Amino acid sequence: MIRWNQWSALLLTSVALISLPWLLPNDFYLHLAETILIYTVLLYGLDIVVGYTGQVSLGHAGLFGVGAYAAGVLSIKCGLGFWIALPASMGITAAFGILLALPALRVVGPYLAMVTLAFGTIIQILINEMDFLTDGPLGIKLSKPLIHAHHLSVVEYYGVVVLIFVLATIVMNRLVHSHWGRAFEALRDSPIATDCMGVSVYRYKVLAFVLSAGFAGVAGCLYGYSEQYISPNTYNFDLTILFLLAIIMGGRKSRFGALLGSTIIVLLPKLLDDIHSFRLTACLLAGAVLLGSVVSIRRGITTLKAVWIPVLGTVAIAVVSFQLEAMTDWRLSIFGVMILLVVYYLQDGIVGFSSQWVRKLKLADRMEQSIPFAAVDVNRAPITAQSQHSSEPFLKVSNVVMAFGGLKALNRVSFSVHRGAVLGLIGPNGSGKSTMMNVLTGLYKPTAGRIEFKQRDITGSDPSAIALNGMARTFQNVQLFGEMTVLDNVLVGLHHGFKSGLFGIALRLGRFGRDDQSLRERADRLLTMVGLQHHANELARNLPYGKQRLLEIARALALDPELLLLDEPAAGLTAADIVELLSIIKVIQAAGISVVLIEHHMDVIQAACQHVIVFDFGEIIAAGTPSDVQANPKVIEAYLGA
Amino acid sequence: MDILLQLAISGAIVGMIYAVIAFGYQLTFATSGTLNFGQGEALMLGALVGLSVFNAGISYWWVLPIASVFGALQGFFVEWVGVRPAMKIKSEFGWIMSTIALAIIFKNVAENIWGRDDLRFPSPLSDTPITFGDAYIDPMGLAVIGGAVVIMLAVEAFNRFTILGKAVVATANDRDAAGLMGINTRWVIALSYALSSLTAAFAGVLIAPVTLTGARMGASLGLKAFAVAIIGGLSSGFGAVIGGLILGIAEKVTGFYLSTGYTDVPGLLLLLLVLIIRPAGLLGKTTIKKV
Chain A
1 MIRWNQWSAL
11 LLTSVALISL
21 PWLLPNDFYL
31 HLAETILIYT
41 VLLYGLDIVV
51 GYTGQVSLGH
61 AGLFGVGAYA
71 AGVLSIKCGL
81 GFWIALPASM
91 GITAAFGILL
101 ALPALRVVGP
111 YLAMVTLAFG
121 TIIQILINEM
131 DFLTDGPLGI
141 KLSKPLIHAH
151 HLSVVEYYGV
161 VVLIFVLATI
171 VMNRLVHSHW
181 GRAFEALRDS
191 PIATDCMGVS
201 VYRYKVLAFV
211 LSAGFAGVAG
221 CLYGYSEQYI
231 SPNTYNFDLT
241 ILFLLAIIMG
251 GRKSRFGALL
261 GSTIIVLLPK
271 LLDDIHSFRL
281 TACLLAGAVL
291 LGSVVSIRRG
301 ITTLKAVWIP
311 VLGTVAIAVV
321 SFQLEAMTDW
331 RLSIFGVMIL
341 LVVYYLQDGI
351 VGFSSQWVRK
361 LKLADRMEQS
371 IPFAAVDVNR
381 APITAQSQHS
391 SEPFLKVSNV
401 VMAFGGLKAL
411 NRVSFSVHRG
421 AVLGLIGPNG
431 SGKSTMMNVL
441 TGLYKPTAGR
451 IEFKQRDITG
461 SDPSAIALNG
471 MARTFQNVQL
481 FGEMTVLDNV
491 LVGLHHGFKS
501 GLFGIALRLG
511 RFGRDDQSLR
521 ERADRLLTMV
531 GLQHHANELA
541 RNLPYGKQRL
551 LEIARALALD
561 PELLLLDEPA
571 AGLTAADIVE
581 LLSIIKVIQA
591 AGISVVLIEH
601 HMDVIQAACQ
611 HVIVFDFGEI
621 IAAGTPSDVQ
631 ANPKVIEAYL
641 GA
Chain B
643 MDILLQLAIS
653 GAIVGMIYAV
663 IAFGYQLTFA
673 TSGTLNFGQG
683 EALMLGALVG
693 LSVFNAGISY
703 WWVLPIASVF
713 GALQGFFVEW
723 VGVRPAMKIK
733 SEFGWIMSTI
743 ALAIIFKNVA
753 ENIWGRDDLR
763 FPSPLSDTPI
773 TFGDAYIDPM
783 GLAVIGGAVV
793 IMLAVEAFNR
803 FTILGKAVVA
813 TANDRDAAGL
823 MGINTRWVIA
833 LSYALSSLTA
843 AFAGVLIAPV
853 TLTGARMGAS
863 LGLKAFAVAI
873 IGGLSSGFGA
883 VIGGLILGIA
893 EKVTGFYLST
903 GYTDVPGLLL
913 LLLVLIIRPA
923 GLLGKTTIKK
933 V
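Residue numbers (the working numbering), protein chains in the order written: chain A, 1 to 642; chain B, 643 to 933.
Read the hints as simulated data drawn from the structure, not as lab findings.
Possibly wrong hints are sitting among the right ones.
Simulated coverage check for chain A against chain B, where a stretch passes if three residues somewhere in it have a Cβ under 8 angstroms from a Cβ of chain B [what the hints assert, rightly or not]:
(1) 59-68
(2) 96-109
(3) 119-132
(4) 342-351
Keep in mind it's a predicted model, so treat the numbers as computed, not measured.
C-beta atoms are modelled at their ideal positions from N, C-alpha and C, and glycine is treated no differently.
My request is simple: use the sequences and hints to build the entire structure.
Rendered as structure tokens:
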């Protein structure tokens with residue numbers, strides 16, 4: 001939800017921006033402000049990729065260029081003006097985004113960075129070479145947009161840029177606070193859990209990049225008409241680096257951070273051009289860092305060891321600035337040192353850094369009161385009831401083999417689960433229980449065998465498709481979205497309930513509001529069930545371990561599963577926690593949801609399961625009721641050794 | 643037909659250089675999951691340092707080892723300043739940006755030391771081409787291909803037959819387990835960076851007499867090698883050679899039949915094509931990610 005103070009901040013900024021032409025009636029400054037706003041629109045897009053999904057793009061200057069050239073080519077070749085070029089630039093650049101993202105994001109690793117780097121270089125070469133389309137190195141001249149046969153004046157065009165900047169800010173805010181934005185953040189924290197919540201990581205990574213390209217396209221078109229001249233050499237690798245620097249320096253995941261970063265990169269080159277202003281800036285910066293460090297050390301927030309490099313670095317830059325006669329030769333080296341300092345010492349940007357600093361100063365003064373956890377409340381549990389028992393097995397595993405190289409972690413495993421049943425999976429460590437669960441949920445593709453779920457073959461399906469089909473899970477090593485709030489964690493589980501697309505999100509159509517309200521209520525009730533309703537806005541990673549496990553169950557139930565897989569839910573829980581866990585499992589079972597439970601605590605298995613199967617070395621060695629299995633000599637041998 | 647052979651030969655020369663740089667990417671990617679975005683600059687520095695040493699009157703065949711030692715030191719430096727601190731930040735962002743920042747600095751420093759113009763590196767071998775049929779190859783071109791193979795084999799041999807090399811391989815297989823076995827994995831990562839820059843510097847001295855030498859020679863080579871590393875597979879040394887040959891020849895053919903301006907295009911196209919058809923690369927192994 002966009003809070004009121006965000007609206008008022010936006011209103012204030014827009015008023016300030018609109019009054020600028022009257023306050024500073026100077027075309028040079030107006031053009032600087034215009035450039036800052038245009039870069040900010042691009043940075044919003046880059047922030048989706050870098051800040052929210054945690055991917056690195058080295059091709060955003062190229063995409064920016066595609067946007068500008070789309071506008072330019074439409075104008076000189078087709079005679080189409082600004083008002084058509086703006087949406088067209090967005091569309092064309094987004095299409096380039098699809099072309100890059102679809103292949104590059106298939107693999108995990110630095111591939112997107114490598115592919116976009118290649119794209120950024122090659123697009124520049126292509127623009128130069130394809131002079132039949134782009135007029136090559138000559139560039140394209142544009143005149144300001146037309147309205148009623150009247151070319152907009154510089155000030156009027158500035159007004160258009162402000163308007164689009166404000167619209168972009170609103171769209172961006174709505175986007176990142178929607179289910180899409182949550183999906184982007186979730187896949188950064190834990191891609192595996194995201195897939196298992198029915199949110200396809202690949203799909204949303206591609207979506208994020210394409211949206212990002214769309215923003216770059218709009219910015220490119222605006223920039224073309226702002227400069228009134230588009231030349232191929234503007235959109236080079238240095239500009240990409242400048243954009244990335246702006247995002248980190250300003251602050252990720254913050255509209256204000258993007259604006260701040262953009263201001264810095266537009267003004268910085270002007271400062272570096274002139275030796276006197278550079279000396280002044282370097283001294284001010286060194287002074288600020290020195291002062292901040294001294295205050296922080298005295299308040300006990302940081303240590304000398306942690307701050308000596310940035311202090312020395314900034315002081316060194318200041319000293320060097322007085323040694324250099326002409327800046328131009330060493331400009332890039334100073335730029336490089338700055339990137340290093342920012343990457344290492346200003347990771348959260350100016351916005352993130354200052355808010356952390358203020359918070360730490362406050363914390364040093366007084367400790368915050370911690371809120372006690374509520375008890376688990378299973379009355380009126382918000383679980384969608386499933387049709388009760390039927391005689392047909394609805395999960396059927398036949399002859400599944402899972403081999404890692406020569407090692408068979410699962411060897412011809414077959415079993416089935418009936419509707420409404422709770423099946424226990426036990427066995428020594430390394431016997432294949434968790435592997436079984438990873439095969440069921442699609443994280444591993446089995447080497448051989450077949451898995452049927454609800455009479456449909458799901459062998460080799462995508463984890464997200466399996467999850468949406470009604471199979472939810474928790475993880476042995478807790479896989480929460482640590483950097484997101486407790487509430488948002490559950491909302492990612494409820495992702496399937498949001499039906500709005502991009503337009504619904506951007507325009508806040510009726511449906512989006514209704515979905516949002518009802519699903520937030522549902523999330524609230526799920527949190528009440530596990531006793532976390534008072535901690536909804538706490539970051540998930542700050543919860544104690546036992547509560548994290550309960551939160552995982554709440555998140556899994558948000559999927560409205562028909563089958564719930566619990567991987568060692570009682571591991572690391574206190575005795576009191578285990579009682580609460582058992583009461584939750586009872587409610588889940590009462591609602592008719594089938595459960596597969598991996599557990600080492602035999603008392604939990606005894607209390608919860610009617611039927612147990614025992615794994616050892618990837619094979620099922622026994623099956624039956626909990627008491628039968630415990631008496632089975634093979635099982636005793638597997639656990640205790642012969 | 644003869645023209646195709648000629649294109650294949652000149653493609654192979656530049657392709658082998660791509661392969662050596664891509665091989666360097668693989669070395670560090672295996673041990674640390676990171677790669678040096680300034681690998682092209684490592685090559686450039688190697689070539690320019692080599693040129694200075696050569697101009698000081700030292701024989702070309704001594705320049706090669708001297709530049710290699712310099713490359714190794716440069717690799718240690720990159721790891722120390724750009725990678726080790728960045729790996730503590732749990733995102734790709736850190737090391738990508740820091741190695742790029744170092745590349746920018748190296749390039750700028752080189753411009754200030756050796757100037758902005760391209761320099762000629764005299765060829766140590768005779769200029770008389772060796773002909774077979776209607777195609778010919780310069781002796782230096784042959785030396786490039788041979789040298790590239792030798793340096794890659796040497797690094798492979800180091801990894802396979804020395805205890806230090808085995809530590810590199812162990813770290814590549816499982817960094818945590820290698821650490822628990824008493825291998826100083828941080829040192830091994832530093833070593834892999836040194837080896838990677840060493841091969842790049844070696845390649846720089848090899849290619850310098852064929853092309854021109856200058857502060858700006860690295861960027862484009864480093865970029866092409868990215869494409870080669872992805873085409874061949876980030877986990878296969880032989881893949882790098884195959885990928886390098888494919889790209890080198892594809893570029894020469896495009897340059898000849900289409901226009902030299904489009905020489906750089908096949909790199910991106912092949913890159914995207916391989917990612918669509920075989921994301922792990924032509925010879926790369928598809929790994930199952932353990933949960």
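Exercise. State the violated hints by number, sorted upward, taking the hints as numbered earlier in the document.
Key: 1
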